[in-house]
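Whole structure, please, built from the sequences with the hints as guidance.
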Amino acid sequence: MNKGQQIIALDPYWKFNIDPNSEGLEKKWHTSSFNDAAWTMIAVPGNWDLYNEYANYKGNAWYRTSFKTPLVKNKQIILSLGEVGMSYKIFLNGKQVADILCGNYMEQFDITKLLKTGINNVLSVQIDNSLNYGAYWSWGGFRRPVSLLVREPVFIEQQQITSDPDLSNGTANVSTKVFLKNETNVDKVISLKQQISINGLVLTYSSPEIIKLAAHTEKVHIFNRPLSKSQVKLWHFDHPSLYKSTVTLQDQNGIVFQQTSRFGIRKIEIDGLRFLLNGESVRLAGYNWVADDRTTGNTLPEFRFKEDIDLMKTAGANMARISHRPLPDDVMDYLDEKGILVLAEFNNWPPYMNAESEEPKIFAKKLVEQNFNHPSIFGWSIGNENGSLKDFPKVNEYFSSIIDYIKEIDKNRLVTYVSHTADFQDNDAVKFCDLIMMNKYGNFEKAVDNLKIRYPNKVVFLSEYGAHADNLIYDTPNNSTFKTLMVDNLRSKENLIGYSIWTFNDYRSSYQTPVPSVSTPLHQHRQWGVVDVYRNKKRAYRQMQNFYAPISDLQLSIKELSGQKMQSDIVLVPRKKMDIPSYELNGYQLVWELRNSKNENSAMGIIPLKNILPGSESEFYQVKFSRSDSDMFFKLSLLSPTGYVVKDTTHFFAPPPAPSKIQLLTGTKEARLIFEKSPMATEYQVKYRMVDSVESGMKPTIDHYTDITNLVMGKTYEFWVVAKNGFGESARSEIKTYTPTPGYMLLPPVIWLSEPGNHSFFVGYSFYWSDASYEVRYGTDLTKKENWKTNRTTNFSMIQVPKLENGKTYYYQLRKLSLYYGSVNEWSEIKQVIPNKGHQFGSISIQGFKQTANELVVSFSGAKNATGYNIICHMNNKKKAYYVNQSISGLTKIILDDDSVVESLEIFAN
0 MNKGQQIIAL DPYWKFNIDP NSEGLEKKWH TSSFNDAAWT MIAVPGNWDL
50 YNEYANYKGN AWYRTSFKTP LVKNKQIILS LGEVGMSYKI FLNGKQVADI
100 LCGNYMEQFD ITKLLKTGIN NVLSVQIDNS LNYGAYWSWG GFRRPVSLLV
150 REPVFIEQQQ ITSDPDLSNG TANVSTKVFL KNETNVDKVI SLKQQISING
200 LVLTYSSPEI IKLAAHTEKV HIFNRPLSKS QVKLWHFDHP SLYKSTVTLQ
250 DQNGIVFQQT SRFGIRKIEI DGLRFLLNGE SVRLAGYNWV ADDRTTGNTL
300 PEFRFKEDID LMKTAGANMA RISHRPLPDD VMDYLDEKGI LVLAEFNNWP
350 PYMNAESEEP KIFAKKLVEQ NFNHPSIFGW SIGNENGSLK DFPKVNEYFS
400 SIIDYIKEID KNRLVTYVSH TADFQDNDAV KFCDLIMMNK YGNFEKAVDN
450 LKIRYPNKVV FLSEYGAHAD NLIYDTPNNS TFKTLMVDNL RSKENLIGYS
500 IWTFNDYRSS YQTPVPSVST PLHQHRQWGV VDVYRNKKRA YRQMQNFYAP
550 ISDLQLSIKE LSGQKMQSDI VLVPRKKMDI PSYELNGYQL VWELRNSKNE
600 NSAMGIIPLK NILPGSESEF YQVKFSRSDS DMFFKLSLLS PTGYVVKDTT
650 HFFAPPPAPS KIQLLTGTKE ARLIFEKSPM ATEYQVKYRM VDSVESGMKP
700 TIDHYTDITN LVMGKTYEFW VVAKNGFGES ARSEIKTYTP TPGYMLLPPV
750 IWLSEPGNHS FFVGYSFYWS DASYEVRYGT DLTKKENWKT NRTTNFSMIQ
800 VPKLENGKTY YYQLRKLSLY YGSVNEWSEI KQVIPNKGHQ FGSISIQGFK
850 QTANELVVSF SGAKNATGYN IICHMNNKKK AYYVNQSISG LTKIILDDDS
900 VVESLEIFAN
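Going by numbering that gives the first Met the number 0, 191 is the number at position 192 of the sequence shown; the sequence numbering is gapless.
Do not rely on the hints blindly, as some may be mistaken.
Unchecked claim - Straight-line C-alpha distance at most 20 Å; calculated DMTMM-like pairs for lysine to aspartate or glutamate:
(1) 558 to 618
(2) 74 to 109
(3) 807 to 780
(4) 802 to 109
Since the hints were made in silico from the structure, they are not lab data.
Structure representation (structure tokens):
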């Protein structure tokens, strides 16, 4: 946050055209006089790969926009860009401003002298997304907005804040390097002061210091501010305390520039074979995150990165080499706020993997400087799986030189590279590293043991692990279950400090290998995650949540005392010292909910937990409550200090209600039953029979549908669904009947996602090898389908329906056309969607809340793609709004301003 600087956002829609023959420069597409009237309008930020017609385009493409020169005097005008994919050139009024090889970083360019007055300035950007390295999709376009910064020519460029806590007495020293610039033609005498605050409370401030800043020079000024024990709150993944440093630059006329930066106070150490956070030995786990999806590409809007990080935290994530590529600043801010230790990594390519090339230093400098103040970052990675001496003979010289370079510009973090060779290759570059980050897909124990022999004094973190050819398979969420957890036998390895699975999410890719099991199918989804590309949870998500939970077990048994009086007996089993994860639990709570048939809490309670150390004895608790006939289940949740349910268990008192809203779709020899899910059920089972014959049942599923195949022609079938939970099975749903007849009718694709977009909607769907194309028909009147429009694509897995009116209700259906059947195929069920800028859909329902003094725990079901929630508390004839900075719902904690009794709540999604 900067004062003395105005941000002017450029138009969010630019003219766009692909350039497959690289003739844009020759045709003067970069000049002011070029007529781009025939070009397409496209969103910025945004990826062209999200548009049906450009979904698979790789190569050069051009963006153009225009703007008026801001009417200011004696100011600098800076063109500011976030991340761009991937290489790009910038032209302003026909003149080249920049040529960027790797668009992973924020960039700023002084364009003051290139601007024109009285007429529009024309900005042209040529982007090439063909530069790729790895199995993820190389998205084309702008990841963040493009804007103009109007600022004073004397300004603060950056703060680099280093905190040094004294763990023995609880104090800390905060050292701040302030980078000053004077880009005027005259010398300046300025004053500079700093204040440090936390949660709006000023802790310390300096007196103004007079500084002489010569014309066209830079200067670094250092503040050192001590903090007392009462002022120090250490940053921890469970307690991510954040401070603000505000530095003010003044001259004789007042404030010229003011910059506020956030930081945390924490200490990372490696002590022998222990990884220490603030002096505590921790063993941690996490996920690799391919930071994209199929409706927003890699632009990472706020709802996407918040939901993904929230889901990872809920599933036990505390540490990871989270992304191959640098992440935008607002994403890193959220990781700071929510608490995940991150090894930040930059891409490099083979031509630059040597000690002579300047490019790696450019990449490293940008990565370190732009992320210096994020306490979540514990170290820097200088590459992924690029240490093979056979493939890159000069790579050790590269690693040695670039590690030395990074340690010059950041002396307080660990530096490493991610190896896939260190367990067997002699002279591996991990010898230069502070810790070993290792990718391994099989033979895990052997690899960790070999590393102990080769590098007996180095700790190991498995930065990627998996064996997906034998575990997760290319299938639906219901059929995606780990056969083994792969690394569960590694916990006793003393040199291992943790592991991070590849991956959290399925992701788009075109990566191919000679090995079919690890190649990407035609639908372009690498299904290695615990959620799919549409963020549907797989069965594997629940497995990993339990595997990564901070406790070993949470046991719940319930018995009847008398009448409706019940007692729950709870056993909490801590982790062992050599478990992964393993760390002290401080500030955790058990929350219990008695939920009725209306999905509302009849009763709710909170059990504060004392600090729980790894290796300690099991904890025992009891809850007594009264149960009515309408109460369906008792749910027990372990709530972390950051507000995530990291472990839960449920005891059901009754079977779920019969499934509702049953729909039957039919093909020639097949049928699909679609049903609405219930919060009272954990699984569903489709049953069927020929009329007057024996009943058969399909396998239970967590999906929203089941297909029944190989039906017999001419026989009449009855189909129904039952819901299941831990108590038993529901009554049968409405019965649907179908008599197969000869023909070539095929079932439509399964709709996995129906998401509103800005003036559009997206449909994510299943793939079959004989699919040739897909068609969506849509309209606003259910009674006049003959007037509906159609949209067709040959793209697998995703279609966008554009040019719609925001806020208006649309209905649609989907079908496919096959390579081998010329007949018309079955339409899908009818879906409803309301386009909106935020992609948000779904309703909010409040299950209940429980107040203890000034702490309020709220249980609710939220809207999909929310960026946060405003919770309005009604108490004593007044109301107070509190903001919950979280995308997912469930349980959340609020610290109230006082202990006034909350009588009722309202919740609104942002």
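Structure-based check of all given hints:
A distance of roughly 19 Å separates the Cα atoms of residue 558 and residue 618; the hinted pair therefore holds under the 20 Å criterion. Between residue 74 and residue 109 the alpha-carbon distance is near 11 Å, which keeps this suggested pair within the 20 Å criterion. Between the alpha carbons of residue 807 and residue 780 the distance comes to roughly 11 Å, so the proposed pair stays at or under 20 Å and holds. Restraint check: the Cα-Cα separation between residue 802 and residue 109 comes to about 36 Å, which exceeds 20 Å; the hinted pair is violated.
In summary, the structure is inconsistent with hint 4 from the numbered list given earlier, while agreeing with all the others.
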